[in-house]
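The hints should help you fit chain F onto chain C, whose structure is shown.
Residue numbers (the working numbering), protein chains in the order written: chain C, 1 to 346; chain F, 1 to 346.
Incorrect hints may have been included.
Treat identical chains as interchangeable: a pair holds within one or across any two.
What the hints assert, rightly or not - The list that follows gives simulated cross-link-like pairs (lysine to aspartate or glutamate, EDC-like), each with its CA atoms no further than 20 Å apart: (1) Lys137 to Asp7; (2) Lys137 to Glu101; (3) Lys137 to Glu188; (4) Lys137 to Glu102; (5) Lys256 to Glu335.
It should be emphasised that the hints constitute simulated quantities derived from the structure, not laboratory data.
Note that the coordinates shown come from a computational prediction; the quantities given were computed from them, not determined experimentally.
There are 2 protein chains.
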Amino acid sequence: MSDQSSDTILLSHGSGGKLSHQLVEDVIASRFSNPILNALEDSARLNVGGACLAFTTDSYVVRPPVFPGGDIGRLAVCGTVNDLAVTGAKPLYLSCGLIIEEGFPLSLLETLLGSMQQAAREAEVQVVTGDTKVVEKGNADRIFVNTAGIGLLPGDRDFSVGRIQPKDAILISGTLGDHGVAVLSEREGFGFASSLRSDCAPLNGLVESLVAACDRHGDRPSLVHFMRDPTRGGVASTLNEIAKATRLGVEIEESKIPVSGPVRGVCELLGLDPLYIANEGKLLVVVDAGYAEEAVEILRAHPLGADAARIGNVTDHHPGLVSLRTLVGGSRIVEMLVGDQLPRIC
Amino acid sequence: MSDQSSDTILLSHGSGGKLSHQLVEDVIASRFSNPILNALEDSARLNVGGACLAFTTDSYVVRPPVFPGGDIGRLAVCGTVNDLAVTGAKPLYLSCGLIIEEGFPLSLLETLLGSMQQAAREAEVQVVTGDTKVVEKGNADRIFVNTAGIGLLPGDRDFSVGRIQPKDAILISGTLGDHGVAVLSEREGFGFASSLRSDCAPLNGLVESLVAACDRHGDRPSLVHFMRDPTRGGVASTLNEIAKATRLGVEIEESKIPVSGPVRGVCELLGLDPLYIANEGKLLVVVDAGYAEEAVEILRAHPLGADAARIGNVTDHHPGLVSLRTLVGGSRIVEMLVGDQLPRIC
Numbered sequence: 001m002s003d004q005s006s007d008t009i010l011l012s013h014g015s016g017g018k019l020s021h022q023l024v025e026d027v028i029a030s031r032f033s034n035p036i037l038n039a040l041e042d043s044a045r046l047n048v049g050g051a052c053l054a055f056t057t058d059s060y061v062v063r064p065p066v067f068p069g070g071d072i073g074r075l076a077v078c079g080t081v082n083d084l085a086v087t088g089a090k091p092l093y094l095s096c097g098l099i100i101e102e103g104f105p106l107s108l109l110e111t112l113l114g115s116m117q118q119a120a121r122e123a124e125v126q127v128v129t130g131d132t133k134v135v136e137k138g139n140a141d142r143i144f145v146n147t148a149g150i151g152l153l154p155g156d157r158d159f160s161v162g163r164i165q166p167k168d169a170i171l172i173s174g175t176l177g178d179h180g181v182a183v184l185s186e187r188e189g190f191g192f193a194s195s196l197r198s199d200c201a202p203l204n205g206l207v208e209s210l211v212a213a214c215d216r217h218g219d220r221p222s223l224v225h226f227m228r229d230p231t232r233g234g235v236a237s238t239l240n241e242i243a244k245a246t247r248l249g250v251e252i253e254e255s256k257i258p259v260s261g262p263v264r265g266v267c268e269l270l271g272l273d274p275l276y277i278a279n280e281g282k283l284l285v286v287v288d289a290g291y292a293e294e295a296v297e298i299l300r301a302h303p304l305g306a307d308a309a310r311i312g313n314v315t316d317h318h319p320g321l322v323s324l325r326t327l328v329g330g331s332r333i334v335e336m337l338v339g340d341q342l343p344r345i346c
Numbered sequence: 001m002s003d004q005s006s007d008t009i010l011l012s013h014g015s016g017g018k019l020s021h022q023l024v025e026d027v028i029a030s031r032f033s034n035p036i037l038n039a040l041e042d043s044a045r046l047n048v049g050g051a052c053l054a055f056t057t058d059s060y061v062v063r064p065p066v067f068p069g070g071d072i073g074r075l076a077v078c079g080t081v082n083d084l085a086v087t088g089a090k091p092l093y094l095s096c097g098l099i100i101e102e103g104f105p106l107s108l109l110e111t112l113l114g115s116m117q118q119a120a121r122e123a124e125v126q127v128v129t130g131d132t133k134v135v136e137k138g139n140a141d142r143i144f145v146n147t148a149g150i151g152l153l154p155g156d157r158d159f160s161v162g163r164i165q166p167k168d169a170i171l172i173s174g175t176l177g178d179h180g181v182a183v184l185s186e187r188e189g190f191g192f193a194s195s196l197r198s199d200c201a202p203l204n205g206l207v208e209s210l211v212a213a214c215d216r217h218g219d220r221p222s223l224v225h226f227m228r229d230p231t232r233g234g235v236a237s238t239l240n241e242i243a244k245a246t247r248l249g250v251e252i253e254e255s256k257i258p259v260s261g262p263v264r265g266v267c268e269l270l271g272l273d274p275l276y277i278a279n280e281g282k283l284l285v286v287v288d289a290g291y292a293e294e295a296v297e298i299l300r301a302h303p304l305g306a307d308a309a310r311i312g313n314v315t316d317h318h319p320g321l322v323s324l325r326t327l328v329g330g331s332r333i334v335e336m337l338v339g340d341q342l343p344r345i346c
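For reference, chain C alone in the conformation it holds in the complex:
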């Protein structure tokens, strides 16, 4: 661990930003070192009995467990489905591990399970195995949900970071920050929640429409080079991960980044940057530059991609760095998140 960390775990270790990366890379991945884990993709790629699988897990600790546009149940299905989908896999099966605080209302549990089931239906996945633990009052914050997921990966699909090239276009499927701001607003009781809703949604349909349309061009490998759902740490963290992993640069234009009016308003009021705020139903795509326009149109034709936009491109200038051309024409480096802008958002 670097000097920036201490000898205890900090909230920032869970933020999806710099300390999270240090913890995962220096302490966790180094321990379990194996070629599959070392890829540090959102899903592991496995070959089991001749089948090519994607396998992933996430724990959800969002506070409060119910927020405008979703709840921890919906989130737990969508988040894991999305981690599978961005690898190009077809999400199939989920596990569900519940840790519940004693005294949790049974009716709320039923609501959350109903949301899980509804999201599973939308994503066309099945919850096939589970586990429930109960801990004493005061020993957990209401409810934590873990899901792990298995997807089937067509053997010819490779949307890993290694396929990203200079000049590639960077697309986003819609407005940034909706999830994080909706949860924050609900939690803090800001009272402007009415127009704020989490974007929490399963992205496998959107991914499949893009990948299938691209496949019809017949280009092999696909003109879609890379996909990721920018959750904790936001788009800024995903782009920094890309820049770091590829040793290429990333340029984005502030004027092109879609942000809804209400989210922009809250961010200005509270001094938050939508680039760092978690999304739970947005797809970041890196495509061949020549395919960018068509890809944006395909995304826009899907209900979850109506506000899709090209927000920037990959470059061989400033390797490892993400630069933002600002509205006023200046340029600044977009760092990886340090500290924790919004804890407990997923």
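This is chain F only, laid out in the frame that chain C set:
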């Protein structure tokens, strides 16, 4: 839910006993109803891309996280490996989801991860994907670990409850209650911890030696009919599950049940029944009666099965019930655990 439950979640809902079963069956499984989940085995059986897989998950909330004979890291690997192994699957890959309380010592995290890696090495599985969340101080009890696991299931293996027949023999691979009593003793600071150690161990090697030896007989299907690792709720709960699912009876003999001297001592002192205490490295096996003696010998030849014993048999008397012939020659019904004898034991 029946009248015995209330409208909030109780500690007993996590005990592995009667309320746990009601919660899982009435609230959770009914919601996600699908043929795979409805089997309510410890692992789901999946067919993915032509491969037959076992898939399972468990969350671990044991308090304290370090105890004689193991820690939450070792437990999280062994528990999930064992849930896969008892289906006859070869455990291959694990996920690891950590929920850590702010302020948790980094050095202890490293110890726990080291234990996970050591247990993974013993079990010959790889941790291939993970997730780490941090919650504010006071919002979780130190650390919770979730693992999900994938195993490869040879297509001709079926150790499901449907294979159990009247007259089958019931074997246990060793002494009961070691894990639960070791954790309890550590937690409560009883001071007689020195001779108590958790039995926490990966059972896939033991399972494989039994199944492979049996396969050499050439009998198809296998003379091994059913396997289960009796964790939460203990052997009593596993046997009740068998009796309920098969609509057969189960008879066990108290004099045949192996319990170590120190565990027996603690149980007598505290009024606990080893039949209800969690094990984390014991295998309960139901085999063809004619194969019982040989199976016990095979188990005893393995380091983890040295104290293996035949403890009873399946019967078509008293369907759905488990009866115990006591040391003094009487007979009593062994109910499913009601309430929670030892909370937070795994």
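Now for the hints, and whether the structure bears them out:
| no. | hint | verdict |
| --- | --- | --- |
| 1 | Lys137 to Asp7 | between (28 Å within a copy, 15 Å between copies) |
| 2 | Lys137 to Glu101 | both (6 Å within a copy, 15 Å between copies) |
| 3 | Lys137 to Glu188 | between (23 Å within a copy, 18 Å between copies) |
| 4 | Lys137 to Glu102 | both (5 Å within a copy, 18 Å between copies) |
| 5 | Lys256 to Glu335 | within (19 Å within a copy, 66 Å between copies) |
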